[in-house]
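Top to bottom, those sequences are chains A and B. Note that our numbering numbers the first sequence so that position 414 is 414, with each residue one more than the last. Take the position in the second sequence, starting the count at 1, then add 1000; the result is the number in our numbering.
Errors might be hidden in some of the hints.
Using C-beta positions, here's what the derived DEER-type ranges look like [claimed, not checked]:
id, chain 1, residue 1, chain 2, residue 2, range
1, B, Ala-1409, A, Lys-409, 34 to 44 Å
2, B, Ser-1441, A, Gln-161, 55 to 65 Å
3, B, Lys-1383, A, Val-27, 36 to 46 Å
4, B, Asp-1332, A, Asp-233, 17 to 27 Å
5, A, Lys-201, B, Lys-1383, 57 to 67 Å
6, B, Ala-1289, A, Lys-242, 27 to 37 Å
7, B, Glu-1259, A, Lys-462, 19 to 29 Å
In silico DSS-like pairs for lysine-lysine, Cα to Cα no more than 27 Å straight-line [to be verified]:
id, chain 1, residue 1, chain 2, residue 2
8, B, Lys-1127, B, Lys-1143
9, A, Lys-99, B, Lys-1467
10, B, Lys-1218, A, Lys-462
11, A, Lys-249, A, Lys-99
12, A, Lys-379, B, Lys-1510
13, A, Lys-320, A, Lys-344
14, A, Lys-119, A, Lys-132
15, A, Lys-34, A, Lys-90
16, B, Lys-1481, A, Lys-99
17, B, Lys-1411, B, Lys-1121
18, B, Lys-1510, B, Lys-1220
19, B, Lys-1127, A, Lys-415
20, B, Lys-1155, A, Lys-94
21, A, Lys-325, A, Lys-312
22, B, Lys-1155, A, Lys-249
23, A, Lys-138, A, Lys-126
24, A, Lys-151, A, Lys-116
25, A, Lys-94, B, Lys-1481
26, A, Lys-448, B, Lys-1411
27, B, Lys-1481, A, Lys-90
28, A, Lys-409, B, Lys-1264
29, A, Lys-320, A, Lys-119
30, A, Lys-95, A, Lys-126
31, A, Lys-97, B, Lys-1088
32, B, Lys-1458, A, Lys-97
33, B, Lys-1088, A, Lys-204
34, A, Lys-94, B, Lys-1070
No wet-lab data here; the hints were simulated from the structure. Keep in mind it's a predicted model, so treat the numbers as computed, not measured. Virtual Cβ for every residue (Gly too), placed ideally from N, Cα, C.
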Amino acid sequence: MKLLTSFLLLFFLSLNQSFAAQNPIVVAMKEYEKRHYDKSIRLLQPLLNNAQSNQELTRLSYGLVLDKNDRFHKALYEASIESQIEYLEKLSIKKGKQKSSYVNLFLGEAYIQAGKYSKAKTALNKFLKLPKLNQADKNLGKLLLIHADYKLGKKTAAKTQWNQLRLKDVDTKSTLLAIYSAYNIKPIATLMSQLETLLKKANKPYSSRLVANSLAIFLAANQVDHAIQFTLDNSLDVASIKENIGDSKQINFYDISILNSLAELYHQASIQYLQEARKNPKYTDTALFYQTEASMLFKRAKQTKTFIDEFKSSNSLPTKLSLLKPVKLGAVHALYGKKTEAGKELDHVSSGNTSRPEILADILTMCAGLQISCAETLKISVQAAAVGQGARFRPLNAAIGQYFLSKNKSEDALKYLELARDKSNKNKVEANDGLLLVDLSEAHRLEKNYSENLEIYFELSKHFPVVRVIQEAVQGTYSMEHRSAGDVKIF
Amino acid sequence: MKRIDIAKFLVITFIVISSSMASAAKRDSGSLAYGEYGRPATLDPITSNDMISLRITELLFNGLVGINEKQEIVPELAASWSSDEEGKYYTFKLRQDVKWHPKEGKEAEVFDADDVVATYKIMMHAKTITPLKVRYEFIESVKKIDNYTVEFTLKRPVLNALAKFTFKIIPKHGPANPVYLNREDPFVQYPIGTGPFRLKEVTADREVIMEANPDYFKGKPKVKEFIAKPFADQNIMNQALTFNAIDMIVLVNPRHIPELQGDKRFILQPYNALSYSFFGYNVRNPLLADKRVRRALTLAINREEMLSSFFNGQGTVISGPFAPGSWAYNLDVKPEPYDKSRAVELLKEAGFVEGANGMMEKDGQALNLSLKVPIAKESEAIKRVVLAFKGYLKKVGVQVEVQFMEWQAWKEAVFEQHQFDVVFASWVFDDSADISSLFHSAEVGAWKNNFGGYENEKVDSLIVESKLTLDHEKRRTIYRKLHAVLADEAPYTFLWTLTNYSAYHNKLRKVAIHPYKFFSFADSWFISGGK
Chain A
1 MKLLTSFLLL
11 FFLSLNQSFA
21 AQNPIVVAMK
31 EYEKRHYDKS
41 IRLLQPLLNN
51 AQSNQELTRL
61 SYGLVLDKND
71 RFHKALYEAS
81 IESQIEYLEK
91 LSIKKGKQKS
101 SYVNLFLGEA
111 YIQAGKYSKA
121 KTALNKFLKL
131 PKLNQADKNL
141 GKLLLIHADY
151 KLGKKTAAKT
161 QWNQLRLKDV
171 DTKSTLLAIY
181 SAYNIKPIAT
191 LMSQLETLLK
201 KANKPYSSRL
211 VANSLAIFLA
221 ANQVDHAIQF
231 TLDNSLDVAS
241 IKENIGDSKQ
251 INFYDISILN
261 SLAELYHQAS
271 IQYLQEARKN
281 PKYTDTALFY
291 QTEASMLFKR
301 AKQTKTFIDE
311 FKSSNSLPTK
321 LSLLKPVKLG
331 AVHALYGKKT
341 EAGKELDHVS
351 SGNTSRPEIL
361 ADILTMCAGL
371 QISCAETLKI
381 SVQAAAVGQG
391 ARFRPLNAAI
401 GQYFLSKNKS
411 EDALKYLELA
421 RDKSNKNKVE
431 ANDGLLLVDL
441 SEAHRLEKNY
451 SENLEIYFEL
461 SKHFPVVRVI
471 QEAVQGTYSM
481 EHRSAGDVKI
491 F
Chain B
1001 MKRIDIAKFL
1011 VITFIVISSS
1021 MASAAKRDSG
1031 SLAYGEYGRP
1041 ATLDPITSND
1051 MISLRITELL
1061 FNGLVGINEK
1071 QEIVPELAAS
1081 WSSDEEGKYY
1091 TFKLRQDVKW
1101 HPKEGKEAEV
1111 FDADDVVATY
1121 KIMMHAKTIT
1131 PLKVRYEFIE
1141 SVKKIDNYTV
1151 EFTLKRPVLN
1161 ALAKFTFKII
1171 PKHGPANPVY
1181 LNREDPFVQY
1191 PIGTGPFRLK
1201 EVTADREVIM
1211 EANPDYFKGK
1221 PKVKEFIAKP
1231 FADQNIMNQA
1241 LTFNAIDMIV
1251 LVNPRHIPEL
1261 QGDKRFILQP
1271 YNALSYSFFG
1281 YNVRNPLLAD
1291 KRVRRALTLA
1301 INREEMLSSF
1311 FNGQGTVISG
1321 PFAPGSWAYN
1331 LDVKPEPYDK
1341 SRAVELLKEA
1351 GFVEGANGMM
1361 EKDGQALNLS
1371 LKVPIAKESE
1381 AIKRVVLAFK
1391 GYLKKVGVQV
1401 EVQFMEWQAW
1411 KEAVFEQHQF
1421 DVVFASWVFD
1431 DSADISSLFH
1441 SAEVGAWKNN
1451 FGGYENEKVD
1461 SLIVESKLTL
1471 DHEKRRTIYR
1481 KLHAVLADEA
1491 PYTFLWTLTN
1501 YSAYHNKLRK
1511 VAIHPYKFFS
1521 FADSWFISGG
1531 K
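Chain A on its own, in the form it takes in the complex:
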């Protein structure tokens, strides 16, 4: 991804050095290189409608920032599902008078996000059986239960049941609006208008649930700019519910779908802005490359189809990107049910590129992202990484780690991810790719090194407060899982 930034920087530097240093696109892309995506977005936004600026180049840059941001949030979302379920499952089996009332509500919701609808129903039914539930909570539980049924195929009944709910609570109502928008059940204009009313009524800061639902609705209305602005104007780390049990117990529950909403938002926005950048022939193929890659990694078969033919015939890609073209063309088969064919093709590409760590890394990233089995590529990559030295091999180590992680081999993953990490700046997002840090934190969590996981997220939270969703869950698991004597020493 650094390739394009370098390309952009070179483009400006070739014009005039002092001009380049002050150019807001260059400044924004330097922030992007440090993974300060929000800063980069804020710097580029004013240029989008500025007649003085190079419109297509601005859009290409903006699209690129959004593209990287979408993958990062997608990785966070996937990590959040795992960590949330691990925590809530442990919490749900706790017994006693001070048992949480909400645990099964959020567990049910997390199961829906994970695609485990029957388990979701079991948890939500447990929640709904609780005595003394207030009406708003009961309604939220019911509408989520109906959502699980909808996902299990009972669509007509679900629509009728949703329609019968009489909702007053802002968060609950926004959840139903988001569901309607996701399945095109009601006209989007109506939903937008209802959402605007809710947002006026709601107290600030908005809960993670309300933010998540709002983003989903804005997105369905194709209001990506408005949605991006909404993320910049609002806190993303506010609990959906703070449950107080007695005087000394408070549990914070978060809606993990906020991470999905953010990933979807950035994805859609990036595709849109890259499309606009393509208007300038100079950037057409480059923008198309990133559109194709992003749609593949988001597993959007239909969307990928709209790009792939053009991508096949693209002939003015920068050299480094054109080297990766066969990787995308090999991997794309996986989107259409031909994973074995994809694996064979990618293994073939890797056998011709044994001395190119960047190509091997790209292949493994696609294999991990699309769950393709790439045994030969892995073998070649492990051999290459064993003899390779320096920063050039870090992405390859990261990709090997990511591949192992996708195969649930967390111990092997950890070994390679640690090799990829810049240890001089251990958890700093400025020095380490965000995706690497998320993979590392996941591998550490799976190996029960919870404190390593939490340290990574602590650093990430300085730039991405939304990771609070994950931090709270991992802290909860860690507090239950650790086995230690209570020792402390001075040094």
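Put chain B on the given structure of chain A with help from the hints.
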């Protein structure tokens, strides 16, 4: 002057490394020498309260149970255990194949239930100097059922009770005084245990040499010898590693990470001990008893700048008494930013006025503070930290006298005599993040961890509540409250958590590191041919 200093440094480095190289040449190829940043005060598991000793005791001793890499409780000296439903009685069936390391010229004695009973009694004896008492106050009694069975009765059920029985067992025939243990007992310098390694020699330079225990009940370890080598200077320790005079550094100075990262001979392994550095205040000094003064001192120093300048930013500034990697860290409490003006305001609110020389004084008494720093901490970075502290405080009218002291003398001044105004030090916690011994008023006293004499009713009651609960989420909530209260109360200026990396030569294999005790799994390590 600078040139002379550099020349002096190079000569000293050469001498130290040459002598290390010479001893390295004499070393058996199966031995593992590791660098420590100081000398251990004692080598037994009861009186020691520093990390250097802890690491050594991990090689020499065993607990009834252990904790494996997956956070599971596993058998050690106990072959099995059981408890009643309520969790008040714990019965341990002991292994019958364990021998103590032999005392010089004597046959090795057999480990049995009497040793467990004796350990507990010595540990809890009023005259025994140990930080462990507070941790084991929940035990009512211990009883020998038969030679290989012991039963512990708890005062009340506690969270993670079984994990508490990881405390190390010492032999009843070990200490000269069979009733209690203090630092005068020869046992604390020449202990015998049941562990994978046994003490062979403590050299005149306080190198601790431990040899593999051929009778170890889990099988003889593969590494023949462990040697703990103390280094006063971390630069020299790093040089010793790169010149192969030592094989491992347990805690790499963050400034050396870039160099080691680029050297394929070494493996850098992160391990997350929950630790942080702090300036701790002695609230027995009436001027420091006012929390506004302590908060002013916190606001007056630029922690981000210090971390960035002296540690290359390799760590993170914290807001309270827990490390950010801990489950107990309150994410809502943010570190207060550097604010010199606010610091001055707070000092004035506390009754200080600017004196004629620009220094703050109250009732004619200037705010002059003594800062004591252990010499083991006398690395270049730490020197800069304390000098920066002095410089920052001077800007708000506070005078600081810095005194570097030998480690043991520092501990006596701080833990025993309480003769200091401010100390610079670091705490390391295991996963339980238990801060009770640091801030509870019952822990004020000689050789106790609340050396600053801090007392606060609310903090006391929260700590007690956290000890009594059996509910993880409740304990987590209480800790979050404690974090907020202590951030506001500022008994310490909480500084930062630094990056923790161990570095070792790639000839060492199967190296698993316990994030706190470090050597818990060292009996499985081995040394290959190396490169």
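Cross-check of the supplied hints:
| no. | hint | in the structure |
| --- | --- | --- |
| 1 | B:Ala-1409 x A:Lys-409: 34 to 44 Å | violated (51 Å) |
| 2 | B:Ser-1441 x A:Gln-161: 55 to 65 Å | holds (59 Å) |
| 3 | B:Lys-1383 x A:Val-27: 36 to 46 Å | holds (38 Å) |
| 4 | B:Asp-1332 x A:Asp-233: 17 to 27 Å | holds (21 Å) |
| 5 | A:Lys-201 x B:Lys-1383: 57 to 67 Å | holds (59 Å) |
| 6 | B:Ala-1289 x A:Lys-242: 27 to 37 Å | holds (35 Å) |
| 7 | B:Glu-1259 x A:Lys-462: 19 to 29 Å | holds (27 Å) |
| 8 | B:Lys-1127 x B:Lys-1143 | holds (21 Å) |
| 9 | A:Lys-99 x B:Lys-1467 | holds (19 Å) |
| 10 | B:Lys-1218 x A:Lys-462 | violated (46 Å) |
| 11 | A:Lys-249 x A:Lys-99 | holds (10 Å) |
| 12 | A:Lys-379 x B:Lys-1510 | holds (22 Å) |
| 13 | A:Lys-320 x A:Lys-344 | holds (23 Å) |
| 14 | A:Lys-119 x A:Lys-132 | holds (23 Å) |
| 15 | A:Lys-34 x A:Lys-90 | violated (37 Å) |
| 16 | B:Lys-1481 x A:Lys-99 | holds (20 Å) |
| 17 | B:Lys-1411 x B:Lys-1121 | holds (25 Å) |
| 18 | B:Lys-1510 x B:Lys-1220 | holds (16 Å) |
| 19 | B:Lys-1127 x A:Lys-415 | violated (48 Å) |
| 20 | B:Lys-1155 x A:Lys-94 | holds (23 Å) |
| 21 | A:Lys-325 x A:Lys-312 | holds (8 Å) |
| 22 | B:Lys-1155 x A:Lys-249 | holds (24 Å) |
| 23 | A:Lys-138 x A:Lys-126 | holds (11 Å) |
| 24 | A:Lys-151 x A:Lys-116 | holds (10 Å) |
| 25 | A:Lys-94 x B:Lys-1481 | holds (22 Å) |
| 26 | A:Lys-448 x B:Lys-1411 | violated (35 Å) |
| 27 | B:Lys-1481 x A:Lys-90 | holds (23 Å) |
| 28 | A:Lys-409 x B:Lys-1264 | holds (25 Å) |
| 29 | A:Lys-320 x A:Lys-119 | violated (46 Å) |
| 30 | A:Lys-95 x A:Lys-126 | holds (14 Å) |
| 31 | A:Lys-97 x B:Lys-1088 | holds (20 Å) |
| 32 | B:Lys-1458 x A:Lys-97 | holds (25 Å) |
| 33 | B:Lys-1088 x A:Lys-204 | violated (48 Å) |
| 34 | A:Lys-94 x B:Lys-1070 | holds (21 Å) |
The structure fails to meet hints 1, 10, 15, 19, 26, 29 and 33 from the earlier list, while all remaining hints are met.
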